[in-house]
Amino acid sequence: MATDAVAQLADSLAKTQVTEGELSYKGQGRKFDNAQSVEEMVKEIQEFKGLQALRLEGNTYGVEAAQAIAKALETKSEFKVPVTEWSGIVNSAFISPIQNSLGAALMTAGARLTVLDLSDNAFGPDGVKGIEKLLKSTACHTLQELRLNNCGMGIGGGKILAAALTECYKQSSAQGTPLGLKVFIAGRNRLENDGATALAQAFQLMGSLEEVHVPQNGINHPGVTALATAMQHNPQLRVLNLNDNTFTKKGAIAMAQALKHLRSVQVINFGDCLVRSEGAIAIAEAVTEGLPILKELNLSFGEITGEAALLVAQSVEGKATLEKLDLNGNCLGEEGCDALREVMDGLNMGDLLGSLSDDEGEPEDDDEDDEEEEDDYEEDDDVEEEDSSVNQVSSPPSVPRPPDAASFLCFPSPDKLLKLGTKRALLFEQQVDVADAGKTAEAFLKISSVYNEEDEDVKSAVLDSIDAILRKAFASPSFQGYNFVSSLLVMLGLLKSEDKVKPVRVVPGHLQALEYVVRQDYFPQDHIAVLEAFMSR
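For the sequence shown, our numbering gives the first residue as 839, with consecutive numbering after it.
Since the hints were made in silico from the structure, they are not lab data. Any given hint could be a false lead.
To be verified - Restricting the straight-line Cα-Cα distance to at most 30 Å, the calculated cross-link-like pairs of lysine-lysine (DSSO-like) are:
#, residue 1, residue 2
1, Lys1098, Lys997
2, Lys997, Lys1020
3, Lys1277, Lys1310
4, Lys1261, Lys1277
5, Lys1254, Lys1284
6, Lys1257, Lys1310
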């Protein structure tokens, strides 16, 4: 009966939570389809003096009901700094007109929002269009928290949102009060790379973020790299949660580089992000060098091997604020798990190490690793010299080509190195792109492959050449030293790479030259620990 329905509604409204300045209908599980169904709610809104916050989440609202609520809000001129939480209010095609109505009401009332929560509304890109005007308006110039978790925005919605936030920042800045968004939550939205990249540009512009939560968004390394760049411009960042996206080595290294610029980070959640061993090494270096108030580091389920996990454990030494290190679900093996526990116990941090119950065990070698590897740096004079019997009559006599650095790097030999003369170091500096850590590592191995302890001329030429290249490389602020080290380890066959790099045949010169460079003043001390961890196996 109608009277029973009214009584039930009255009873529901009697349970409404009211705190200072806040009117809440949170979690009542009601379905308000039309204006009549919200008459009592509208009355309470109209009669509430000093309304600052309205919470509607946990119910479902039709268009007529939302319009009635919006009309009531238009009269609340004192509605200046509300916490507006409308999460889970609708799961239908009506979300856009509902949001338009409620957003228009807030703008008409002259509201100044600090928190806007529309989480758990499956509104998709159209729903983002429904709040686009609101986000661009003066109502959001004071916005500090934006919560859009599990809304199915997709790439298109992410781009619309990014453009709206950018416009809000520009307009608020023009009025002398730039948007200072502190918390951004948008997990489970299928943003993917393009959506994440668009938002990253807005984040970089604002520079005010303290918490970023974008888990489960199908973001790969291009999007991760864009976000990493943006995070560098948000110095007050405390929480970074990208759980269940796909970093791989490239994304992890980019994020590690960003972390080096941040001093306030307390929580890092890169669990289930496939950071892999090379990425974990880079992140470990960033932790070692900074992050003085780190509380939680989650690198679980990332295909990290035992040696890399030990470096991560060693990186948290001296972090007095650390509360948890999570390396569960990686590829440590039984011995690796024991070694990890031993390291953490040795640091008096054993109780901070999370469970290792889901460890995947040591990775199995690929079949291709069992095949005989060819020598990448084997001298191949046959390639350079043509058979003199070929075209003997028609071809003019060949003129010997003067030695150059490029020729040496293609087919290294002691004789070629010496023929480069006294300017060989300069020639290598000009030839090798030290901005590329991988190419720098490759050049180092090729030059050092001809090292001969018993030939002083060759020995001196090798050391002078690698000195020139590495000194120039490490002198550059943009040089990614940890990438150089991991590239060396991959090429020497000590670390697996996702790029399927074929290891070189290790010769004594590689190790002798490496032993030399780690003693030089230009070689960072923290890189030595990484090398020792793998070389001592």
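Taking the hints in turn, this is what the structure says about them:
no. : hint              : verdict
1   : Lys1098 / Lys997  : 28 Å, holds
2   : Lys997 / Lys1020  : 20 Å, holds
3   : Lys1277 / Lys1310 : 14 Å, holds
4   : Lys1261 / Lys1277 : 21 Å, holds
5   : Lys1254 / Lys1284 : 12 Å, holds
6   : Lys1257 / Lys1310 : 23 Å, holds
In this structure, none of the earlier numbered hints is contradicted; all agree with it.
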